[in-house]
Each structure stands twice: as C-alpha cells, then as structure tokens.
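A.B. asks: Protein chains in written order, with the working numbering: chain Y, 1 to 482; chain V, 483 to 666.
If you're looking for bench data, these hints aren't it; they were derived computationally from the structure. Be aware that a few hints might be false.
To be verified - Below, a sample of chain V positions facing chain Y; criterion: calculated Cβ distance under 8 Å:
hint, residue
1, Met601
2, Phe645
3, Leu649
4, Ser663
All figures in this text were calculated on a predicted structure; none of them were measured in a lab. All C-beta atoms, glycine included, are put in the ideal place defined by N, C-alpha and C.
In case you want the letters, here they are:
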Amino acid sequence: MVSTLSIVIILVLSAGIPRAYASSEDTRTPIKHLINIFLENHTFDNYFGTYPIDSSSLNQGIIANLSTPVNLLQNSSLMAELSPIAAGTFSTPDPIEGNTAYHIEWNHGHLNGFVEGSGPPSMTYYTAAQLGPIWDLAEEYSLADMYFSPELSESDPNTMYYLAGFTPVINDYGPPPSIPFSQSIFGELESYGVSWDAFIPYQNQSTTYSEWNKISGMNNYPGNILPWSSFVSDLSSGKLPAVSWLFSQDDNGTDQGPPSNIIPGEMWIMYMINEIEESPTWNSTAVTITWDDPGGYFDQVPPPVINGVQSGFRLPLIVVSPFAKEDYVSNTVLTHSSILAFIDYNWELPALNQYVSRVNVPLDIFDFNSTPRGSLTFNFGTNFPLPQGPYFNLPSSLQQLNIASTFPMPPQYNLGTLPYARHGAANFTLSSVSSEVFVTANTVDVPFYASTYFLAILAVANIALLCWGVLIRRGRGGAERR
Amino acid sequence: MIGRKFAWGFASLAIPGSIFSTALLFLFAYWSQLVNTIGDTRQLGPLFLGIVVGSVIFSLVGWLSRSTWFTLSLETIAALLLLVSSYALIAADSLVLNGTTILITSFAMTSVSAPVGTMLRLYRENYSVPARAAFGALQGVFSILFVLAFSIYYETNGQVIFFIGPLVLLAISLVSFLILSRVK
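The following block holds chain Y by itself, in its conformation from the complex (with noise of 0.2 Å):
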C-alpha cells in the first residue's frame, strides 16, 4: 500500500517535471538542435530554375557575384521551352503526380515526357516575385543543387525515406502496410535517448495526423507530437529537442503543395526561421528545408540510381545554421535521407540502415571552423509582411505585396573574403566510417486481417463452401431421385 502510494507520489510529482534531454549535448559537431521543415511537391528548377537572377531588382551589384546552382541559367533553349509563373500569381494547376506519371516524365533519363507525364503545369517554374524570401534564405545560408527525391514517385514513398530510410511502397496508398516505430529514425532516437518531437498543425491530430499512418506504433508517443505553437514556446524557454520535425502537411495551404498558394507556406518558413535566429539556441542550431516529392514539376538533371534505388528528380535543400557557409552551394549528390544520415553522424549513433550508411552526409555545407554566425533578422516590411505567430490569416491582396523587392539580402559577410569556397561537394558516408546500423533487415507492419494471406484464406474458404454446396445439393439431388 505505501509502495503504491508512493509510486503514484513520484507519477504525479514527475508530471510537472520538464523532460530532460541528456544526450542532447553528445554530438559530433556544435550542432545541438537540428530542426527539419518539411513541405510538398515542387522541384529544384521550379523554385530555382532562375536563382539569383532577378532582372527587376535594384541590386543587380550583389546579383552578379551571388552562386549560381546548376539551374536553367546554363540552358536558354530549356528555358524557353518553360514559362515563368507571372509576377502576382502564386499557383499553379496541380500536375498529375504518381509513380506512372513521373516514370513518363523520366523516360529512361530522357526527360522529356514531363507535358505528357504531368501535363502543360508542369513545365512552369518560379521566379523571385514570388520566392524572394525563400532566395534570401539560400543567398545567406546554404542550398543544395543534387538533392534528389529518393523515388522516383510521388509522397508516401519519398516520406517513408524521409523518417525510415526505406519504403515498402511505389506510390500513394494505404496503409497497410506501415513501417514499425523501431525502424523510423523516431524509434532510432528513442531507443539512443536522443530527444525528439514533432510539430504539427494543430494540438487535436496528435494521434490522427495523417503522416503518422505510415509509422505503425507512432500512437504510442503522443507526448512527442505537440502544436505549432509548442513548437514556439519551446523554442524561446530554450527547451527545445535535439531533432525536431516541423510538418507543414494538412493545414489548408502551408505545406506549398500545389494547386494551393504558395505565399501562406513561405511566411510560415519565414516566421519560423525569424523565430529559430531569435532564439536562446540559435548558436547550436541547424534547420533543413525541404520539399517532399517532385509534385510533377519540370526538371532538368537525370536522377541518378541511388544504392539501387533509381531516384526522383531533384528538390530543393536549404539549410540555415550559424555554420551554414554563407551563399554556398552544395553539388554534393543527396537525397531526403541525407537528413538521416547527418542525424546519426552527429548524435554518434549507427546508421539507420543499410541505405542510410550509404547516402552522402551534407558536411561541405557547414564551417566548422569560424565561429558561429550571428542570427538574422528577415524583415521585409509591407513589401511581405510577417505573420506574428504560426496561424494566421494571409493579407487580404496578395498583389499589392513586392515580393521581387525582398531578394537579395546583403550578404551577412563580405563574399570576397569568406574562408571557404562557395560551391563544394564531399562524399563522405557513414558506411565508410562503420559498418554498424540500428536496423539490419527492413520489416513492413501489416495486420494479419489486412494481408493477403488472410484475404486468400477467405477465397479458398468462399470456394471449398461453394464446392461443398454443389456436391450437397448434388448428392440430396441424387438420393431424391432414387
């Protein structure tokens, strides 16, 4: 009786305790906090297909010395074959996406099936009047040029990637089947008491947030899946996890996927960036910025076959840290799990799996070696007026903004006197470190009265009986007769 009431004393006491995160501070590199946005369906070449040239700016000084990614800039006959999207307008019809649609598209590394893969959206592509802000963020920090989606489909698949590392499926489906907890990077963190959480749109989903069907068990942690506004005040009482997800996905718009406006997605990116760098962490933090799958949208570099998986066309990377390299561009060959990958590297902990060991790890992006940078402010005025928390309601004539004006930034540092090249790759993986991983064989979660096992037990059964009816009848028949 004593020992249970104490038990329930110390529950009850723990409650009101803050969750301590040890391990947060076991890292390979300054890097304590990595923070990982997440968006929808667009390509590098449709958001920047023509970075950094903006002819309407007037800093055209700071233009011309800015790095210039592998983009439709080198190929004018490409770039007539696009349209940009018209200064004003912020969407596009929505492109037919799927693993069929995108295997069009690719045609055997041709590419050029996109308008009957996807259709005449999908050969658009943006420009500064509508991404300025987001042109700022790669102007100041990092962007990643050959960072690939890892299938060559539409979410699901490249999602699963994106947590696991692996995905069981070609295409937007069920579930069934789901990957388990234990080989998610969720379950690789927990098991390594690595803190994490994951920031949604709203409080009321944590336990029916649609991402979550594909990781079976994800229920089971409802304490690691909090708001967007958690997200904010843990952000600025400094009790923020050592890997956060920031998911855009099913709040009406955010998540930039198309047909929605693009603009609602870019002032949350902002206003989360302006919250990041304003924050008691910012000096050990990195955010990843990422979309998830193609979207159907041009491109222009054949994807390469990644650790035998034939990957997607390429998504834009950017990654914002005090040690991202100031207007850096990394042609080093990456893909959603790149992201794993530097997870493991820096908390010191084995490769996800087999295809995590051997991805490359975006380290050119960072300077180790200078101290950190100092935050940024990125405030545009009326020109794109920042929203004041994470909900909030767009201004009421997007065509009155001058988002063209918003790029480009002065860079934070003089470019020409940076200590480190500003283009790079380096092949570094984590296989070529250790051999060691967290999951050594891939397993799907399938319930048994959804498999087809189950479903072809049921058929024979549906059979055998009908057969068993015939010969009933058949011999009651026969009986009758005589």
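Here the structure of chain Y is known, so what remains is to put chain V in place on it, guided by the hints.
C.D. replies: For chain V alone, kept in the frame of chain Y given last:
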C-alpha cells in the same frame, strides 16, 4: 411463378456471384499492387473499360457454358493463366502501365467471373437459357456497380485502407454461400 423463381435465382445466385467475383478482382488488384499504380485520372478510362467489358463477357461465359466440373476446371485454369499473365505484364512494366496495358490487365482480371458463374450454375441447373443469360448479365452489371461504389469510397477517403474492399466482400459472399448451402 416464373417471376419468383427468377427473383430467387437473382438474389441467391447472381448477386452473391457478383460479390464474390468483385472480391476476387479486388484481391488480385491488392496482391499484385495494381491498385498502387492507379491515381492518374487518365488511367480510369482504360481501367473501367476493361472491367465493364470483361465483367459482362466472362459472367455470360460462366452462366452459358456447360455446367460440368470439366468446364469449371477449364475456366478456372484459363482465369488463373490470365491472372498470371496480367501479373507478369504488370511486373514487366515495373508498375508503369500505359493505357493499353491497363485495359488488358483489367479485362483479364475479370476472367474470374466465368468460373464463379459456372460454379453457381452447378448449384441450380434448371434455369432456361434466357434466364441464365440474364443472370450472367446481371452478375456482370452488379460487379461493375460494386467496383464503382468501392472506387468512389476509396477515392473520397484518401485512397487508404484498400483491403477493406476485398475483406468485406469476401465475408459477405462467405455468409451468402453458407446460407445458400443450407437452402434445400
């Protein structure tokens, strides 16, 4: 009197036949991952054309062929060969199916309707040719309606939990066949 006999045959044979045929069709689509290739609205035309034509033709074949175990065996082997060929076609195309392939595959998938029709005919052989033709046509039409109804449910619910289709239909057909086997 004929009306009652026909109505009984329709309710006890043609409807369960359409449910079981649709269940087998869904089971194959689930097992072969064909369902995962669908998602492009342009695929819906050839997909449903194959199902519509195939369901009616194969159901008629089943109900109008001779009601013998030998015929049933032949139709079963033919259906299995068509399903295996379809799977080979899907696998050969790495699940990237053009319109013609989808048309052929969906048509072949409905071949299960023939042995199902013949099996049900073995239950009751005393129907006239016009009645059997009507049962065949109705089995095909109701299969199409079940496919359409579940497809709409599947699409409007975010293309999730496809297994519910074959699971529910197999359970219903099992119960209906159990009842049928108890009826004198």
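A.B. asks: Less than 8 Å between beta-carbons is the criterion; does Phe645/V satisfy it with respect to chain Y?
C.D. replies: holds (4 Å)
A.B. asks: If you take the shortest Cβ to Cβ gap from Ser663/V to chain Y, is it below 8 Å?
C.D. replies: This interface hint holds because 3 Å falls under the 8 Å limit.
A.B. asks: Hint Met601/V vs chain Y: min CB-CB distance below 8 Å?
C.D. replies: holds (5 Å)
A.B. asks: Could you check if Leu649/V really has its C-beta closer than 8 Å to a C-beta on chain Y?
C.D. replies: Where the cut-off is 8 Å and the nearest Cβ of chain Y is about 6 Å from Leu649/V, the hint holds.
In this structure, none of the earlier numbered hints is contradicted; all agree with it.
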